[in-house]
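Undergrad: Spelled out from the first residue to the last, the chains are:
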Amino acid sequence: EPEVTQTPSHQVTQMGQEVILRCVPISNHLYFYWYRQILGQKVEFLVSFYNNEISEKSEIFDDQFSVERPDGSNFTLKIRSTKLEDSAMYFCASKPSGTGDNSPLHFGNGTRLTVT
Amino acid sequence: GQNIDQPTEMTATEGAIVQINCTYQTSGFNGLFWYQQHAGEAPTFLSYNVLDGLEEKGRFSSFLSRSKGYSYLLLKELQMKDSASYLCAVREDTGFQKLVFGTGTRLLVSP
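Sequence order for the protein chains is A and B. Just so it is clear: in the first sequence, position 110 is 110 by the working numbering, and no numbers are missing. All you need for the working numbering is the position in the second sequence, starting with 1, plus 1000.
Just so you know, the hints here were simulated from the structure itself, not pulled from any lab data. Every value quoted in this text rests on a predicted model; they were computed, and no experiment measured them. One should not assume that every hint holds.
Unchecked claim - In silico lysine-lysine, DSSO-like type, Cα no more than 27 Å apart, as pairs: (1) 1057(B) to 42(A); (2) 42(A) to 1076(B); (3) 1081(B) to 42(A); (4) 1068(B) to 1081(B).
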């Protein structure tokens, strides 16, 4: 069964450094998302992406965050200058289009980001 | 505003039945999803309700009452592998199909 893949599985970085988290969504999916989950807390929406542009973003997704779909397969999340509070599990998700409203989001296994 | 409430933790015994409740107050509603999440892993889809009533899928059933802003997930014949967090998520009718998650219910199944 096709799946969403994310790399790396774990990223350690120093405060102030830039990180890029990578995702390969399921190939025929058209809606893409980034969520994050701080340890012990709920899954929080960051941004949705459709038709090569951001369709919606949350208050968390401030100017230090950006997303890109550089080619037909990859979907990246860049954090420009990491802060300690950015430490979390970051999940990429994708969703097909045209398959009805009951189509769920498919999540990748996540990237655990640790900012020291 | 958005408010999705679930109990923080529940415990149950192998072979038993457990019901996990979810109440929601959101700015819009276009469906409610239940996900299972094992520690350190991705959420995986369990069930979806958009109309009132019960949806059954094997050992798992989910119920929705839109007028009450209420859903539950029913797990039957519990197995040890069902120990996980169960996430209630609402899809609002605004935006591009994003989900808003509750805090999740950690279920511990004991022998």
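Undergrad: If a hint holds in the structure, say so; if it doesn't, say that too.
TA: Evaluation of the provided hints:
no.: 1; hint: 1057(B) to 42(A); verdict: holds (25 Å)
no.: 2; hint: 42(A) to 1076(B); verdict: holds (25 Å)
no.: 3; hint: 1081(B) to 42(A); verdict: holds (21 Å)
no.: 4; hint: 1068(B) to 1081(B); verdict: violated (31 Å)
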